[in-house]
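Participant: Residues per chain, in single letters:
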Amino acid sequence: MAKEVTYKIFDENFKEIFWSQLVSIFGGLIAGSALALYTDQLLLIPSMLILLPGFLEMRANISAPMASRLSSGLFLGIIKPTGTNQIKKNIIHGNVIASFLLSFILSLLLGIIVFLMNYFVFQVYTPKLILIIVIAGIIANALEIPVALFATFYLFKKGHDPNNIMGPFLTSLGDITSIAAILLTLVIL
Amino acid sequence: MNFNFKLKVFKRHKARHHLKKLQKVLRHKHHPLIHHIHHVHRISKKTLFYVKEYGAHTNVPKTILKEGLKIIILASIVSSIGGLALEQIKALFLTMLPLVILLPALNDMVGDYGSIIASRFSTMLYKGEVQKQWWKEPQVKVLFWQILIIAGITAVLSAGIALFISEHTRAPLLVTPLFSLKIMLITLLDVIILVSLLFFVTVFAGIYIFKKKEDPNNFLIPITTSIADFGNMVVLALLVLLFF
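Chains as they are written, first to last, in this note's numbering: chain P, 1 to 189; chain S, 1001 to 1244.
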């Protein structure tokens, strides 16, 4: 006889999503406050409001699918939560390399698009903008990827579904790290 | 008593040999080897699909870049177009401090629901929990209501926090009861409209992508987060025009 499974709306998943969303709201408000606090510095960069949503979006689109891919592997039992084997090594190394490559390519592309937009639409020549975005993209990636990896395995080991938590956590963390990375790059350059 | 049946014995080295062969099969080709391994070694087809995509001898970065790059580029460009919309409504927005404070959190929130729906629905597809009549599946229904209820609660909560910050910072005179109610309604409607839209996009796109033997994780999250970003700007702008 097949085992009957009942599904409840207010279950463990509900709690996990709800609490992670509270973290997300908090993160969003921090990111918003940081943006508001440094508006003058950030708005000195031409077309920053056009570039910023794409840049923030990119960060979430790199790290969240990575966490989701790892979660699928963990749930299917292909990636073991503890110990190392060839498949686990290959998947983790591959994901980290892919995240840096994606970050570099996308930052470069976004920088070029906004540079061209500035040049042809607003008649402003801003080649430095491409460098700022590429460096900021790599810094933000270096800050976020280790956290994403560690948190996915940690949550799975603790018996949580990383799919419920990692998405909100990484998008809000991505917003904070991206804005911090842009400000850090402006200080460096 | 004489039982006459063939017993298939699991041989580890043979399974490993078959899995290696499977990884060399082209992604877009349905290969009889998948059926063979599934039948002989009793390994689920979903697991075999994952191994084929990200196995020990697979070039993982190449697979991810090949499947994910185009969609992430598209998502980032769509979001930047959303940034253009933000630039257009900037003057109106700056007059409403709670919405300015709320904007990054709201963008995050809607995007988060998009990625939760996408990743959980991807896992459901991998586990074979979604049948042809997906709307009758209890786990799909539960996912929808869970996200919608949480979205409603968090929208009201974040709007309350934004109003509280506004009241105690720069715009105490602006935050009247009617204004607060309008901000609450705008936030709530924005979140409900977008969550419903994201859910249906995820289901239809997810089933389509999975049928094409691709990993839905690589497509659904960028699609939903960019729809969330872009849609949030548009729906919010429309609601602001409607209410003010």
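Since the hints were derived computationally from the structure, they do not count as laboratory data. Note that beta-carbon positions come from the ideal geometry of N, C-alpha and C, so glycine has one too. Hints should not be assumed to be uniformly reliable.
As the list claims (entries may be wrong) - The calculated DSS-like cross-link candidates involving lysine-lysine, where the alpha carbons are at most 27 Å apart (straight line), are:
1) K1062/S - K88/P
2) K15/P - K1062/S
3) K1066/S - K8/P
4) K89/P - K1136/S
5) K1212/S - K88/P
6) K88/P - K1213/S
7) K1127/S - K89/P
8) K8/P - K1136/S
9) K88/P - K1066/S
10) K128/P - K8/P
11) K1066/S - K1182/S
12) K1132/S - K80/P
13) K1212/S - K15/P
14) K89/P - K1141/S
Said to hold, decoys possible - Among the chain S residues that face chain P by a calculated CB cut under 7 Å, a handful are:
15) V1060
16) P1061
17) I1072
18) S1080
19) G1111
20) W1145
21) N1218
Said to hold, decoys possible - Per label pair, the in silico range of CB-to-CB distance:
22) L183/P - V1234/S: 27 to 35 Å
23) G1128/S - Y154/P: 45 to 53 Å
24) F1244/S - P127/P: 20 to 28 Å
25) L131/P - F1200/S: 47 to 55 Å
26) V1234/S - F122/P: 21 to 29 Å
27) Q1131/S - K8/P: 35 to 43 Å
28) P1138/S - I188/P: 50 to 58 Å
29) G77/P - Q1133/S: 25 to 33 Å
Participant: Run every hint past the structure and note whether it holds.
Facilitator: A quick look at each hint next to the structure:
1. K1062/S - K88/P: Answer holds: K1062/S to K88/P is near 17 Å, not above 27 Å.
2. K15/P - K1062/S: It is violated: about 37 Å lies between the C-alpha atoms, which goes past 27 Å.
3. K1066/S - K8/P: Not OK: K1066/S and K8/P at ~38 Å, beyond 27 Å, violated.
4. K89/P - K1136/S: violated, 39 Å
5. K1212/S - K88/P: holds, 26 Å
6. K88/P - K1213/S: holds, 22 Å
7. K1127/S - K89/P: The given pair, whose Cα atoms are some 24 Å apart, holds under the 27 Å limit.
8. K8/P - K1136/S: Holds: K8/P and K1136/S sit about 15 Å apart, inside 27 Å.
9. K88/P - K1066/S: holds, 21 Å
10. K128/P - K8/P: This hinted pair is violated, its Cα atoms lying about 54 Å apart.
11. K1066/S - K1182/S: Status violated; Cα separation ~45 Å.
12. K1132/S - K80/P: Violated, at roughly 32 Å.
13. K1212/S - K15/P: Given that 27 Å is the threshold and the Cα spacing comes to 34 Å, the pair is violated.
14. K89/P - K1141/S: Cα-Cα ~37 Å, so violated.
15. V1060: This hint holds: V1060/S lies near chain P, its Cβ roughly 2 Å from the closest one there, short of 7 Å.
16. P1061: holds, 4 Å
17. I1072: holds, 5 Å
18. S1080: Interface hint status for S1080/S: holds (4 Å vs cutoff 7 Å).
19. G1111: holds, 5 Å
20. W1145: Constraint on W1145/S satisfied, holds at 5 Å.
21. N1218: holds, 6 Å
22. L183/P - V1234/S: 27 to 35 Å: Holds: the Cβ-Cβ distance is about 29 Å, inside 27 to 35 Å.
23. G1128/S - Y154/P: 45 to 53 Å: Violated, since G1128/S and Y154/P (Cβ atoms, about 28 Å apart) do not stay within the stated range.
24. F1244/S - P127/P: 20 to 28 Å: Violated, at about 41 Å.
25. L131/P - F1200/S: 47 to 55 Å: Violated, since L131/P and F1200/S (Cβ atoms, about 41 Å apart) do not stay within the stated range.
26. V1234/S - F122/P: 21 to 29 Å: Given a distance of about 24 Å, which is inside 21 to 29 Å, the answer is holds.
27. Q1131/S - K8/P: 35 to 43 Å: With a Cβ separation near 21 Å, Q1131/S and K8/P fall outside 35 to 43 Å, so the hint is violated.
28. P1138/S - I188/P: 50 to 58 Å: With Cβ atoms ~53 Å apart, the hint holds.
29. G77/P - Q1133/S: 25 to 33 Å: With a Cβ separation near 29 Å, G77/P and Q1133/S satisfy 25 to 33 Å, so the hint holds.
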